[in-house]
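S.K.: Protein sequences, first through last, are from chains A and B.
Sequential numbering of the first sequence, starting at 1, is according to UniProt numbering.
Sequential numbering of the second sequence, starting at 1, is according to UniProt numbering.
Treat the hints as calculated values from the structure; they're not laboratory data.
Quantities reported herein were computed from a predicted structural model and do not represent experimental measurements.
Possibly wrong hints are sitting among the right ones.
What the hints assert, rightly or not - For each label pair, taking beta carbons as the anchor points, the in silico distance ranges come out as: (1) Pro38(A) / Asp11(B): 38 to 48 angstroms; (2) Ala519(B) / Pro38(A): 16 to 26 angstroms; (3) Gly335(A) / Thr449(B): 21 to 31 angstroms; (4) Val550(B) / Arg29(A): 27 to 37 angstroms.
Claimed, not checked - With the Cβ distance kept under 10 angstroms, some of the chain A side facing chain B (calculated, not the full set): (5) Asn24; (6) Ala36; (7) Asp37; (8) Ile45; (9) Ala50; (10) Pro92; (11) Ala253; (12) Ser257; (13) Gly280; (14) Val283; (15) Arg289; (16) Gln290; (17) Gln291; (18) Phe308; (19) Tyr334.
Every residue gets a Cβ at the ideal spot worked out from N, C-alpha and C, and that includes glycine.
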Amino acid sequence: MTEITHRTASGVKFYQVGSLAVGNRLLPREQRAAQADPQRANTMISGHRACQGCGEVLGARYVLDAAMRATEGKLVVVNATGCLEVVSTPFPESAWRVPWLHSLFGNAPAVASGVAAALKAQGHEEIRVLGQAGDGGTVDIGMGVLSGMCERNDDVLFVCYDNEAYMNTGVQRSGATPAAARTATTPVAPGHPGNRFGQGKDVPAIAMAHRIPYVATASVADLRDLEAKVERAMQFTGARYLHVLVPCPLGWAAPSSQTIRLARLATQCGLFPLFEAEHGELVSVTPIRQQVPVDEYLRAQGRFAHLFADQAAGGRPDLVARIQAEADRNIRVYGLGGQP
Amino acid sequence: MSAHPFATTLDPGSSRANHTGAWRVERPVYAHGLPPCAAACPAGEAVRDWLYTAEDGSYETAWRRLMRDNPLPAVMGRVCYHPCETACNRGQLDQVVGINAVERFLGDEAIRRGWTVPRGAEPTGRRVLVVGSGPAGLSAAYQLALRGHAVTVREAAAKLGGMLRYGIPRYRLPREVLDAEIARIAALGVRFETQSCVDDLDAALREGGFDAAFLGVGAQAGKNAYVPAGDSAHVLDALTVLAAAEDRWPLRLGRRVAIYGGGNTAMDAARTARRLGATDAVVVYRRTRERMPAHESELEEALAEGVSVRWLSTIAHADRGLIAVERMELDESGFPQPTGRFETLEADTLVLALGQSADLGWLAGAAGVGVGDGVIDVDADLATGRPGVYAGGDAVAGPERTATGAIGQGAAAARRIDRYLSAVAGEQRDVPRQQPSAETPVPFGRLNTWYYSDAPAMLRPQLDAARRVDTFAEVVQGLTEHNALYEARRCLSCGNCFGCDNCYGVCPDNAITKLGFDADGQPRYAIDLEYCKGCGLCAAECPAAAIEMVPEPARDEPADRTEHRDAALQDVGP
Numbered sequence: 001m002t003e004i005t006h007r008t009a010s011g012v013k014f015y016q017v018g019s020l021a022v023g024n025r026l027l028p029r030e031q032r033a034a035q036a037d038p039q040r041a042n043t044m045i046s047g048h049r050a051c052q053g054c055g056e057v058l059g060a061r062y063v064l065d066a067a068m069r070a071t072e073g074k075l076v077v078v079n080a081t082g083c084l085e086v087v088s089t090p091f092p093e094s095a096w097r098v099p100w101l102h103s104l105f106g107n108a109p110a111v112a113s114g115v116a117a118a119l120k121a122q123g124h125e126e127i128r129v130l131g132q133a134g135d136g137g138t139v140d141i142g143m144g145v146l147s148g149m150c151e152r153n154d155d156v157l158f159v160c161y162d163n164e165a166y167m168n169t170g171v172q173r174s175g176a177t178p179a180a181a182r183t184a185t186t187p188v189a190p191g192h193p194g195n196r197f198g199q200g201k202d203v204p205a206i207a208m209a210h211r212i213p214y215v216a217t218a219s220v221a222d223l224r225d226l227e228a229k230v231e232r233a234m235q236f237t238g239a240r241y242l243h244v245l246v247p248c249p250l251g252w253a254a255p256s257s258q259t260i261r262l263a264r265l266a267t268q269c270g271l272f273p274l275f276e277a278e279h280g281e282l283v284s285v286t287p288i289r290q291q292v293p294v295d296e297y298l299r300a301q302g303r304f305a306h307l308f309a310d311q312a313a314g315g316r317p318d319l320v321a322r323i324q325a326e327a328d329r330n331i332r333v334y335g336l337g338g339q340p
Numbered sequence: 001m002s003a004h005p006f007a008t009t010l011d012p013g014s015s016r017a018n019h020t021g022a023w024r025v026e027r028p029v030y031a032h033g034l035p036p037c038a039a040a041c042p043a044g045e046a047v048r049d050w051l052y053t054a055e056d057g058s059y060e061t062a063w064r065r066l067m068r069d070n071p072l073p074a075v076m077g078r079v080c081y082h083p084c085e086t087a088c089n090r091g092q093l094d095q096v097v098g099i100n101a102v103e104r105f106l107g108d109e110a111i112r113r114g115w116t117v118p119r120g121a122e123p124t125g126r127r128v129l130v131v132g133s134g135p136a137g138l139s140a141a142y143q144l145a146l147r148g149h150a151v152t153v154r155e156a157a158a159k160l161g162g163m164l165r166y167g168i169p170r171y172r173l174p175r176e177v178l179d180a181e182i183a184r185i186a187a188l189g190v191r192f193e194t195q196s197c198v199d200d201l202d203a204a205l206r207e208g209g210f211d212a213a214f215l216g217v218g219a220q221a222g223k224n225a226y227v228p229a230g231d232s233a234h235v236l237d238a239l240t241v242l243a244a245a246e247d248r249w250p251l252r253l254g255r256r257v258a259i260y261g262g263g264n265t266a267m268d269a270a271r272t273a274r275r276l277g278a279t280d281a282v283v284v285y286r287r288t289r290e291r292m293p294a295h296e297s298e299l300e301e302a303l304a305e306g307v308s309v310r311w312l313s314t315i316a317h318a319d320r321g322l323i324a325v326e327r328m329e330l331d332e333s334g335f336p337q338p339t340g341r342f343e344t345l346e347a348d349t350l351v352l353a354l355g356q357s358a359d360l361g362w363l364a365g366a367a368g369v370g371v372g373d374g375v376i377d378v379d380a381d382l383a384t385g386r387p388g389v390y391a392g393g394d395a396v397a398g399p400e401r402t403a404t405g406a407i408g409q410g411a412a413a414a415r416r417i418d419r420y421l422s423a424v425a426g427e428q429r430d431v432p433r434q435q436p437s438a439e440t441p442v443p444f445g446r447l448n449t450w451y452y453s454d455a456p457a458m459l460r461p462q463l464d465a466a467r468r469v470d471t472f473a474e475v476v477q478g479l480t481e482h483n484a485l486y487e488a489r490r491c492l493s494c495g496n497c498f499g500c501d502n503c504y505g506v507c508p509d510n511a512i513t514k515l516g517f518d519a520d521g522q523p524r525y526a527i528d529l530e531y532c533k534g535c536g537l538c539a540a541e542c543p544a545a546a547i548e549m550v551p552e553p554a555r556d557e558p559a560d561r562t563e564h565r566d567a568a569l570q571d572v573g574p
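Looking at chain A on its own, in the form it has when it is part of the complex (with noise of 0.2 angstroms):
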């Protein structure tokens, strides 16, 4: 077993916020991450139609700027359908400042194949490619083109946004949406509170098992941790994987302004742990820096409200102690709780 070691928020020298903020005036430029540069590649720009506070068009532009940094500017991005190509594409508009291509909902991934085979026959392997979608592109609809790109290491950085639910067409149940979550398909109903345990898949670990070159998780959250692990997968050739958890106002019933406290709050409560593996192996994982309990996190979204009404209403504790025995077994797995 490969040694895991553990990434640490900042480093020895104090710069007041040190890593933790976007930018730092007080650290050296090549310090900053790559968001607060002003001459950021801006991949994706101001007038998309994603709702307000979207997590999703976030990441993608957090994920596609720090891929540009890395490749020098030589990517070519396939995007699956989803919110993501809704709101960024009506035509005639494009909200993309990259190479950018899409096709079908479930072809992303072979798509995405497509094009390094076509570029690798013109003898272009220095220009990289990036396949992105939702969670319903990813986990449900795309997964078995995933697996085969994964299984033939195709040289493709493909990326999940995961925002739990088919959100663009009314907010219905993936399988990537958690247990317990109200959805339009997983209505709350006496007796039925929300989506049911023990379902869903953890498609990260599916990558891993491809025993593929690279495969990491990250948030909207954890800009450094998000890059830096970006900046690492462009240093493979072959088949990587990149999981991100990109919080959604709309279909989390929660404000606008909250997007990326959730998603603190997900990584935080163990929820969702944020980790890297190569060739199959876990090699680092991002330790907690302020544990909270799943109760912190759940309580701040309308689609799990029905958990906490009260008792008389049918709340359910015994759900909620559910979901941290989850976030609990994370922790103990993967040594969340690094930090001594």
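Chain B: place on chain A using the hints.
M.R.: Below, chain B alone, put in the same frame as chain A:
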């Protein structure tokens, strides 16, 4: 027929044609909140501002920012009781920022490097008399000199500094530090006259040809409480003990000294007595430790030096070598009540430290200047009843008499005098002074503290207690540059942007632009309201609560929005 490929009717367009700002119901606004440190500073220092400047190592600029409000940073970095730190929001996160230690570092750095302040204005030809060279007088003289007035300071004592010199022992404030900061004020052209007691204000103003005056005479007289004492009892006033130590005239205290009182002066008298050779220094105080007016740090330092305290005790009678002490009890309202139980305490000398009052008899004949309750009567502008004559510091009633408050009052009075002089001359003069927009300080709960690095405070090294009791060497040492920089960077910058780029980074709509830094080194950003959807992420993720969401102003709807959209589509049409 068409230049477009088959089945294509439009050219590629940019999403920028879609002005999503129209969705907004709230807009973000960059705010300048009042940081609790600045709100609490009796000298009116813009603490957050000079800490911010010091954070990148621009110590001289930071010092100059500090010097706008306080001409004595090296002194105040030692003797101020730092209400700024008491108010500091970081105390609710880990420990307060060591503002006072950074102030001292900047002050010492200025002395070491010989930084000076230029006169800010052309000479006005106006003459101002300042009576007293304590912190109030020095502050007033400095601010008036900066504004181009000719200032004369008259001091009754042999040396300058007032209570800074005669009330604060040198182990807390080395005299070379005080002298250096006074010399810098003198270098601005302020004329200092020592052993020059003003006993007739009218004559002094007339003979000196002064246009205005500031009275900063302090509270020099020890309060007399009646203590029944035998003929041979040796009773001294605390200020006498401190002055004797300052001017090094011989004083017989004996081996055992009792100090009566619970204020900072009592602590200083006890610690000074230890240094003058007393083996036992016992403070007798009528209430409990929690109710003691002396600051906790002063008490701690005194205890560490072997001073002891008799709590809940009053002195009933003093005689040669013996003091009768009565035990007290606190009643329900917390007031001490006698119990009738007596103890004796062996003491060669009794030192009274029961507070000080201003000696204002000399003002009896000064027309228009009123005196009542032992203080000079002033209005909210620190003006006496006589035009052009202002007063401040301990000679004026205040909630707490401190050197810092005196500096604030000296500066405030100087601004009023400047305005008075320009009004007399028929000039219009604006008083340039940065006013924070908010009136209540930014509360801790508005900060997003996730983003601040964990960092406990740096302690100032202290001189070993064993070495303290027989020397007047300075007890508390300064921070090294490394530690001072670290301490400055612990500032949370409450209510004010410090350039962390979070807003720029977290905007999902790219609606924020970085504009670099302004002439004062403050960061600048612009929000593009054409695209800002008003999601509030920038405000929620701002560590310092420097962005507020405010309701979108009403506009003519909905026609305007429709037109907007049509125009946008036309931009990209064929």
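S.K.: Against which earlier hints does the structure fall short, listed by number upward?
M.R.: 1, 11, 13, 14, 17, 18 and 19
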